[in-house]
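Listed here are the chains, written in short residue letters.
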Amino acid sequence: MELSLLTRKSEVEWWIEPHGGMRVPGILYATESLVKDMDEKVHEQVTNVAKLPGIERASYAMPDAHWGYGFPIGGVAAFDAERGGVVSAGGVGFDISCGVRLLGTGLRVDDIEPIKKRVAEELSRSVPAGVGSVGRLHLDSVEMDAMLAGGARWAVESGYGSAPDLERIEEHGCMAGAKPQEVSDHAKNRQRDEMGTLGSGNHYLEVQQVVKVFDTAVADVFQLREGDVVISIHCGSRGLGHQIGTDFLKRMTLAASTYGIDLPDRELASAPIDSPLGQAYLGAMRAAINCALANRQIITHLVRRAFAGIAPRAELKLLYDVSHNTCKVETHDVSGRTKRLFVHRKGATRALGPGHPDLPPAFAAIGQPVLIGGTMGTASYVLVGTKEGLTRSFGSSCHGAGRSMSRHAAVKKWRGREVIDELAARGILVRSPSPRGVAEEAPGAYKDVTAVVDAADEAGLSRKVARLEPLVCVKG
Amino acid sequence: MWKGTLTHVPVGIRNIWEHFAHGADIGVRGIGATKEAAFEQSALALTGVVTDPTMVRPNVAISIACESPTDDLLLVDWLNALVYEMATRRMLFSAFTVSITGTQLRATAWGEPVDRTRHEPAVEVKGATYTALRVTHEPDGRWLAQCVVDV
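First to last, the sequence lines map onto chains P and E. All residue numbers for the first sequence refer to this note's numbering, where the first residue is 1 and numbers rise by one. All residue numbers for the second sequence refer to this note's numbering, where the first residue is 1001 and numbers rise by one.
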């Protein structure tokens, strides 16, 4: 991105001054280097979001922002229903509530090394992944609606996990306001056999080691020590969320003019929050959030069962579960007034600071764990939410590294088998049914996650707590 | 393989498909002598995101119908209908016939169930998007149908 398009406010804050129909400024949080690497489309998309009705404060881009659909991936925007604000299917995206959860194991690296190969085989056997995979659970219509209304709470009640897990999930494991009746038959059909499946693309299940602790006090609360083994699960609402995104993108695009909404880009498909279509989308989108929470909960159960057979001493406790692609109703201060806003996070992580009322008791004094996924060959990070993040980005932070190379280019540059062998030589065991999929996800196809996390830390969006590196990676 | 409904087909235009780059995802493009042929080629490009279409045997036929007010939205609907059939039937498709009348599309797609060993499927397609969406009749007579798909 051309720096001349921006006003530099600090080392890590850049503004797009309001112009041409923008109702608020655009604000990018990133280092100069990251901004230069961003596609010009990010500038265009941040600008377009700033033109939507009822937007408050600013249209934000996180340090990992890249070209998305309507909203940039890494985009955050909040809307006020009382000012004609909108809800946007494009602002949430296709993989609704795609997210990451992190489990402690109680194991140390020395415990896992002798059984690492067996762990890799057992996890890849236990958790269905990739194109054509089928979950071990088939939902009939009644069970489907119960799952969409209940989320991870439904999963726990169905025998997948235990009640303490729910305290460590956003919304306590169940997104209120879900309306299964607003979810199309097509969406439900796509999900019927996909519960407890990982998916493909950038989704993964990893066994990781804590290699560096940056903040000992917070890491102690998160129960993370250098040398500890943890498990990370990255996936979303699977076919159901994808279909809801598809369904409402079209409905909102066709209806926008009837609501008097001038869409600068069709992918910004929106409807007034208080309109029937806006309410229908919110009900369906919340059902998809519950689907994602239930899916990650079932996968957690499958992982626990796998570990029980290999390492009975392991105790897999959920540290936290975060979602990336959501629209949530939250209370924020805007110009001295407390407002109820609809906060869209597209490829961005909620990052609540200490003292926030939505935090579980364990994190009330220090803030929310912010889980940042990396690649199978680099690193992931645990950060913690900050108080200043609330005023800077509605309590939001980055979500990952973001691609630096297209899938097409990655397949031309790497062969999956070579990537797997190279990582094995570094002690990272990759299991995937698709060598081409591994090539598309090669570590070199992604930006430097450390640079992204450092920028989020410097901007005060969240603070670094620990760095994690992979030992085993299961991909679709 | 196509059976377009037009009676006049421009001479010398090859029906082809290709991918184009998009930061996180991938673009699918069909080019053909007719709009229908371009739609058929875009479907092959969609399969090409997942696997090599020449590895997919056209053993089983399914019917697809969709309707949209404009050509470009019809393309998105067509590709999303295929995404739905791929996901729910766990199939891949390699041959298509498309006919378009006004705002309505009718098609047959031939394929087979996913064989993870033979197809080595790389990635699921989540949905067709409106990004880089175009259905155009080019000055040289070719029809072009393209968009980015989210994977």
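A hint or two may mislead.
To be verified - Here's a subset of chain P near chain E, in silico, CB distances under 8 Å, partners left out:
#, residue
1, G201
2, Y259
3, S275
4, H356
5, P433
None of these hints come from the bench; they were simulated from the model. Glycine is no exception: its CB is placed at the ideal position from the N, C-alpha and C atoms.
**Message:** Just to be careful: measuring from the Cβ of G201 (chain P) to every Cβ in chain E, is the smallest value less than 8 Å?
**Reply:** G201 (chain P) check passes; min Cβ-Cβ to chain E is 5 Å, inside 8 Å.
**Asked** Against chain E, with CB atoms and a cut of 8 Å, does the hint on P433 (chain P) hold up?
**Response** 5 Å, holds
**Prompt:** Per the CB criterion, is Y259 (chain P) less than 8 Å away from chain E?
**Reply:** With a closest approach of 17 Å, the Y259 (chain P) hint is violated.
**Message:** Holds or violated: the hint that S275 (chain P) contacts chain E, with Cβ atoms closer than 8 Å.
**Reply:** Interface hint status for S275 (chain P): violated (21 Å vs cutoff 8 Å).
**Asked** Taking the closest Cβ pair, is H356 (chain P) under 8 Å from chain E?
**Response** 31 Å, violated
Going down the numbered hints, you'll see the structure goes against 2, 3, 4, while the others check out.
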